[in-house]
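With the hints as constraints, model all of the structure from the sequences given.
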Amino acid sequence: MRQFLLRRFVTMIFTVFIISILAFGIIQLPPGDYVDQLITRMVSQGGQSPDANTVQKLKELYGLDDPMPIQYLKWIGKIILRGEFGYSFTYREDAIKIISERLPATFLLSLSSFMFVWIVSLPIGIYSAVKKYSLGDYIISGIGFIGLAVPSFLLALVCLYISYKYFGVAAIGLYSKEFANAPWNWARMVDLLQHVWIPMVVIGVGGTAGLIRTLRANLLDELNKPYVDTARAKGLSEARLLWKYPVRHALNPFVSTLGWMLPGLISGEVIVAIVLNLPTSGPVLYNALGQQDMYVAAGFLLLLSTLTVIGTFVSDVLLALLDPRIRLQ
Amino acid sequence: MFKRKPADSPRTETEDLRFEVASQLQLTWWKFRKHKLAMFSAVIVILLYLTAAFGEFIAPYGGITTNSKFVHAPPQTLHLFSEDGFGLHVYGYTMERDPRTLERIWTVDSSAKIPVGLFVRGEPYKMWGLIPGDLHLIGPKNPGDPFFLLGTDRIGRDVFSRIVHSARISLTVGLVGIALTFILGILIGGISGLVGGRLDDAIQRLIEILISIPTLPFWLALAAMVPITWSSLQTYFMISIILTLLSWMGLARVVRSKFLALRNEDFVLAAKLDGCSNWRLITSHMLPSFMSHIIASVTLSIPGMIIGETALSFLGLGLRPPIVSWGVMLQDAQRISAIANYPWLLTPAAAIFITVLSMNFLGDGLRDAADPYQS
Numbered sequence: 001m002r003q004f005l006l007r008r009f010v011t012m013i014f015t016v017f018i019i020s021i022l023a024f025g026i027i028q029l030p031p032g033d034y035v036d037q038l039i040t041r042m043v044s045q046g047g048q049s050p051d052a053n054t055v056q057k058l059k060e061l062y063g064l065d066d067p068m069p070i071q072y073l074k075w076i077g078k079i080i081l082r083g084e085f086g087y088s089f090t091y092r093e094d095a096i097k098i099i100s101e102r103l104p105a106t107f108l109l110s111l112s113s114f115m116f117v118w119i120v121s122l123p124i125g126i127y128s129a130v131k132k133y134s135l136g137d138y139i140i141s142g143i144g145f146i147g148l149a150v151p152s153f154l155l156a157l158v159c160l161y162i163s164y165k166y167f168g169v170a171a172i173g174l175y176s177k178e179f180a181n182a183p184w185n186w187a188r189m190v191d192l193l194q195h196v197w198i199p200m201v202v203i204g205v206g207g208t209a210g211l212i213r214t215l216r217a218n219l220l221d222e223l224n225k226p227y228v229d230t231a232r233a234k235g236l237s238e239a240r241l242l243w244k245y246p247v248r249h250a251l252n253p254f255v256s257t258l259g260w261m262l263p264g265l266i267s268g269e270v271i272v273a274i275v276l277n278l279p280t281s282g283p284v285l286y287n288a289l290g291q292q293d294m295y296v297a298a299g300f301l302l303l304l305s306t307l308t309v310i311g312t313f314v315s316d317v318l319l320a321l322l323d324p325r326i327r328l329q
Numbered sequence: 001m002f003k004r005k006p007a008d009s010p011r012t013e014t015e016d017l018r019f020e021v022a023s024q025l026q027l028t029w030w031k032f033r034k035h036k037l038a039m040f041s042a043v044i045v046i047l048l049y050l051t052a053a054f055g056e057f058i059a060p061y062g063g064i065t066t067n068s069k070f071v072h073a074p075p076q077t078l079h080l081f082s083e084d085g086f087g088l089h090v091y092g093y094t095m096e097r098d099p100r101t102l103e104r105i106w107t108v109d110s111s112a113k114i115p116v117g118l119f120v121r122g123e124p125y126k127m128w129g130l131i132p133g134d135l136h137l138i139g140p141k142n143p144g145d146p147f148f149l150l151g152t153d154r155i156g157r158d159v160f161s162r163i164v165h166s167a168r169i170s171l172t173v174g175l176v177g178i179a180l181t182f183i184l185g186i187l188i189g190g191i192s193g194l195v196g197g198r199l200d201d202a203i204q205r206l207i208e209i210l211i212s213i214p215t216l217p218f219w220l221a222l223a224a225m226v227p228i229t230w231s232s233l234q235t236y237f238m239i240s241i242i243l244t245l246l247s248w249m250g251l252a253r254v255v256r257s258k259f260l261a262l263r264n265e266d267f268v269l270a271a272k273l274d275g276c277s278n279w280r281l282i283t284s285h286m287l288p289s290f291m292s293h294i295i296a297s298v299t300l301s302i303p304g305m306i307i308g309e310t311a312l313s314f315l316g317l318g319l320r321p322p323i324v325s326w327g328v329m330l331q332d333a334q335r336i337s338a339i340a341n342y343p344w345l346l347t348p349a350a351a352i353f354i355t356v357l358s359m360n361f362l363g364d365g366l367r368d369a370a371d372p373y374q375s
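Line order of the protein sequences matches chains H and F.
Numbered according to the numbering used here, the first sequence terminates at residue 329, and the numbering increases by one at each position without gaps.
Numbered according to the numbering used here, the second sequence terminates at residue 375, and the numbering increases by one at each position without gaps.
For the record, the hints were derived by calculation from the structure and aren't laboratory data.
Simulated restraints, written as ranges between beta carbons of each label pair: (1) H:L321 with F:A179: 42 to 50 Å; (2) H:Y127 with F:P124: 54 to 62 Å; (3) F:F353 with H:Y166: 19 to 27 Å.
Built from N, CA and C at the ideal position, the CB exists for glycine as well.
Here it is, written out as structure tokens:
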């Protein structure tokens with residue numbers, strides 16, 4: 001087990017390392033850098049272009065003149081050693097401050113979507129498998145197909161329309177106006193809970209549909225196995241039999257979903273947040289990319305990916321705990 | 001291997017013989033045909049691509065034709081019967097001004113009847129930019145009359161026509177992307193499965209890493225890096241490439257596992273003993289035997305690409321006007337005020353929904369049919 005953990009941990013670190021190179025590389029792709037952009041903006045607003053000396057000083061100040069590998073090493077070094085993600089040119093603040101304001105909300109929202117997915121798909125998946133080819137099963141399969149086919153941001157748009165049309169309030173943001181900047185208290189918490197379920201459901205629908213299908217297929221395989229007949233012949237009640245054996249078997253891939261579902265959930269979270277204007281990473285990442293605020297964008301890319309990589313790691317460990325065959329591989 | 005036949009096949013003796021001598025393609029087709037939903041979806045998909053191909057003829061107006069008079073006109077319903085007899089028609093509009101904003105508000109007026117015909121002459125166009133014509137599948141009989149089945153947008157463009165014209169871009173972005181995925185997937189998966197060893201390990205690790213990346217943030221980042229100065233065509237291909245970069249991994253895994261499984265099959269050994277060159281072995285013995293699997297998994301990944309393009313364009317990072325795609329159209333529906341007052345701007349979403357759903361069903365059917373020897 002220890003060896004397994006160690007191996008997985010090393011893989012995880014390596015993955016994050018590759019991702020950090022990718023993230024930094026992508027941000028560096030466009031021609032020109034922040035200072036160039038700043039000058040263009042100043043000129044277009046009627047200002048004068050600063051002289052070459054000032055430009056040089058600015059570039060030195062921001063460290064934009066070094067060759068790319070050096071810039072990368074400086075960047076990653078600061079992150080590892082001091083937890084600094086660089087400077088945000090547009091917000092004129094440390095990037096880490098902007099990121100740390102938004103990332104926890106993304107994390108919580110993804111996590112609650114994930115919980116939603118599990119809580120909803122477990123009973124429905126079991127029902128669907130036990131009563132296969134019943135009316136309920138067909139309805140669930142039908143809804144499931146639709147759930148898989150509708151991209152989350154379209155669902156968000158439709159939710160916006162419905163909430164506005166029938167309830168008179170647009171389902172935007174995570175708080176009502178009066179609570180947006182209020183300190184934490186009970187009322188704000190309630191307000192948050194009233195708002196959070198729409199994005200939570202919207203982000204989770206695709207994953208729920210997929211998971212129900214997986215669980216149903218797995219459980220159907222298990223239900224036909226001889227040990228189920230044996231248990232039934234021995235007089236075990238149907239409910240106990242179900243929960244004690246086949247469901248436990250079918251749950252194995254359920255745990256591994258944590259790994260493959262997270263990238264999708266994070267992706268969904270980012271775009272749904274942009275549509276619904278949630279105070280999470282999505283909108284800020286979007287703006288940072290548009291304005292070439294490279295340190296903020298790179299930081300988000302790195303941390304969002306790290307989040308999913310850690311999720312995969314956790315799911316692997318859980319799976320190994322559940323199933324000895326995996327850790328002995 | 002050849003003795004097995006589809007479990008659900010009829011079991012008469014002549015039928016048995018037919019299955020024994022049928023080619024794999026034929027067996028696949030027989031199995032696919034039984035999948036009603038997939039067959040139906042296949043028809044829908046074909047219709048969608050026909051729409052994309054003959055958009056100029058099907059749409060009553062051009063994709064960027066504006067009608068400055070009718071701004072945000074609501075959808076008209078097509079009627080077949082009226083008091084004075086039988087005939088396709090829609091109702092015209094009456095205009096009011098909003099007392100506060102002085103905006104024009106159009107409402108459908110059931111007293112004004114506008115006759116509608118099939119195969120009518122209307123706005124001239126050039127089919128595929130080459131063949132001139134002015135025949136439209138459907139349109140108003142008097143070319144000047146308003147005819148907006150799904151309403152108009154903020155500068156008076158017919159939403160229905162734009163959806164039809166968008167199909168060409170939205171449906172082909174997936175195809176271009178899939179062609180690239182196909183090449184990358186077979187190449188990398190093939191190398192990984194055939195060469196094996198360290199290289200295989202390295203490629204598998206790379207795939208694991210790429211799969212654990214949340215695609216959308218990276219798509220956004222890459223798309224944001226496409227210079228605005230690029231031409232529409234360049235952007236179009238760049239977006240396809242971006243969509244491919246993070247989606248070839250699934251196919252590569254399928255190809256690798258198939259090559260690994262086939263290496264020990266008898267027919268491969270037989271071909272080797274017959275002195276086949278490696279290239280011939282791969283291209284005419286191994287690849288054809290799992291081509292159907294590849295086609296199925298490729299079909300299943302087209303919807304993801306269509307959604308990807310739509311999402312990027314919707315956010316303004318993908319394709320840009322004057323190109324029309326469903327995502328570009330949905331940009332208009334980004335503001336809550338637009339959705340609230342002009343909900344018909346959301347109709348491109350229905351087009352996306354139908355496309356994605358039917359392609360999913362088609363892919364599922366193909367996947368089931370891909371292995372005709374299994375029940």
